[in-house]
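A.B. asks: Which chain is which? The protein sequence lines are A and G, in order.
Under our numbering, think of the first position of the first sequence as 1, with each following residue one higher.
Under our numbering, think of the first position of the second sequence as 176, with each following residue one higher.
It is possible that part of the hints are untrue.
[To be verified] Pulled a few chain G residues facing chain A out of the computed Cβ check, cut under 7 Å: (1) I178; (2) Y358; (3) T375.
[To be verified] Distance ranges between label pairs, derived from CB positions: (4) Q30/A / A260/G: 24 to 32 Å; (5) S113/A / G238/G: 46 to 54 Å; (6) V6/A / S319/G: 29 to 37 Å; (7) F232/G / E121/A: 33 to 41 Å; (8) E121/A / V378/G: 52 to 60 Å; (9) S239/G / I4/A: 30 to 38 Å; (10) I4/A / K182/G: 27 to 35 Å.
Don't read these hints as lab results, they were simulated from the structure.
Note that CB positions come from ideal geometry on N, CA and C, so glycine has one too.
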Amino acid sequence: MLDIAVAYNRYKFLGEEFLTWLWYIIEKNQNLLKSFDQNFVALEVGNRIVFENRRKESAERITIKGEGAGLEEGVLALKNGALVTELNMVYRSAELVWQFTLKGESLNISSLSIPQTDLPESDEDLEGYVLEKLFLYDKSLQFLKNLFAHFVKLRISNDWQGKEIATIRKWIQSS
Amino acid sequence: MSISSSKVSITQYNVQGKLNSQIIDTIADGLTKHTIADIDQQVLERAVGWTSFDKPFQPEFSGSSFVYGNYFVFSLRIDKKNIAAKILKKLYTIEAARRMSESGRDYLSKTEKKLVKDHVQNALCLRIPATPNIYDVVWNFEESSLWFFSNLKAANEELETLFSKSFRLSLLRIFPYTAADIYSNLKDSQRDELLNISPTQFVK
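Work out the full structure, taking the sequences as your base and the hints as a guide.
C.D. replies: This is how it looks when you write it as structure tokens:
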């Protein structure tokens with residue numbers, strides 16, 4: 001394995017390409033997401049999306065905030081060569097809802113909210129309460145983990161260069 | 176940040192290395208040896224250590240109190256006495272003036288100034304209670320994975336250092352390269368591909 005500090009900086013782009021690809025998948029191919037969760041209902045863009053364009057001399061950063069905020073500026077940023085660097089998402093499975101922000105360069109998760117659970121009424125209830133919480137955290141983290149693993153395999157395959165990039169380009173240009 | 180908070184941040188790790196036997200005892204031992212020390216009414220300004228998830232102010236790791244199903248759940252506690260710079264300056268000025276008056280001089284040497292500063296700082300540390308910051312840790316031993324409930328750089332660095340000292344295992348942070356390597360179950364040829372990829376141009 002590469003030196004960790006070198007690998008972190010060298011592969012920041014992989015996380016950002018993942019988020020850019022994921023935005024495209026959210027908009028255009030929800031069916032793919034069903035294969036990662038039997039009870040999958042939807043994955044949606046949440047209340048925050050951050051773009052960064054490093055093709056320009058001084059990196060340009062655009063943040064779009066707010067529920068249901070128009071993403072026209074985001075598409076424009078993609079057209080100018082930016083990538084998604086942070087993405088807030090709403091994940092729906094069965095009747096449950098998770099919301100979180102994923103950062104591309106680190107894959108750190110922030111503002112993660114999980115479905116509400118009942119508070120423990122006694123010390124005896126604590127273990128069940130903790131395990132339920134951990135199950136709910138794990139569900140969203142496993143979903144992201146499997147999605148990222150799928151992306152990596154696609155990214156290093158011939159299909160990425162041969163097919164996927166062309167489709168994403170077409171989506172960017174037509175949006 | 177706690178498992179129970181309405182919104183949390185999580186940094187994910189892969190645990191490198193294995194404990195071969197008496198796993199729960201070994202972990203309990205590591206947690207106990209590096210339990211947070213109480214620094215209230217002491218001159219120490221800062222303390223870092225493990226504490227119990229359910230009783231963060233009465234740490235206790237006996238038996239299997241930190242075992243929840245397949246997970247080990249405990250917390251990292253960082254206690255710090257926050258001394259306002261302006262208070263420090265005020266008390267230093269008063270004390271320095273007192274010492275000069277006592278000695279009949281109108282100056283203090285460099286060493287004397289340092290002694291006064293240390294004296295004032297220690298006196299404040301004895302009086303000020305430490306502010307605790309608690310970050311939960313969830314360790315899935317079977318899957319060698321660990322969640323740390325904070326994205327703060329300093330807290331993550333403290334976790335990595337203390338974890339290594341306590342259990343003689345190291346933590347590998349999950350970020351795009353390590354996630355690709357660990358999560359994707361790549362064949363050797365795919366791993367070579369990963370080493371050679373370069374950024375995609377989504378627009379021409």
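A.B. asks: May I ask you to test the hint 30 to 38 Å on the CB atoms belonging to S239/G and I4/A?
C.D. replies: This hint holds: roughly 33 Å between Cβ atoms.
A.B. asks: Taking the least C-beta to C-beta distance, is I178/G closer than 7 Å to chain A?
C.D. replies: The hint holds - I178/G has a Cβ within 7 Å of chain A, the shortest such distance being about 5 Å.
A.B. asks: Kindly confirm whether 29 to 37 Å is satisfied by the beta carbon distance between V6/A and S319/G.
C.D. replies: violated (23 Å)
A.B. asks: Taking the closest Cβ pair, is Y358/G under 7 Å from chain A?
C.D. replies: This hint holds: Y358/G lies near chain A, its Cβ roughly 4 Å from the closest one there, short of 7 Å.
A.B. asks: Taking 27 to 35 Å as the hint, is the beta-carbon distance of I4/A and K182/G inside that range?
C.D. replies: Distance hint for I4/A, K182/G holds at roughly 29 Å.
A.B. asks: Using the beta carbons of F232/G and E121/A, state whether their distance is inside 33 to 41 Å or not.
C.D. replies: violated (22 Å)
A.B. asks: Could you check if T375/G really has its C-beta closer than 7 Å to a C-beta on chain A?
C.D. replies: Holds, because the Cβ-Cβ distance from T375/G to chain A comes to roughly 6 Å (cut-off 7 Å).
A.B. asks: For the range 52 to 60 Å, tell me whether the beta carbons of E121/A and V378/G fit it or not.
C.D. replies: holds (56 Å)
A.B. asks: Is it true that the C-beta distance of Q30/A to A260/G lies inside 24 to 32 Å, as the hint says?
C.D. replies: violated (54 Å)
A.B. asks: Okay, S113/A versus G238/G on CB: inside 46 to 54 Å?
C.D. replies: violated (33 Å)
When the structure is compared with the earlier hints, violations turn up for hints 4, 5, 6 and 7 and for no others.
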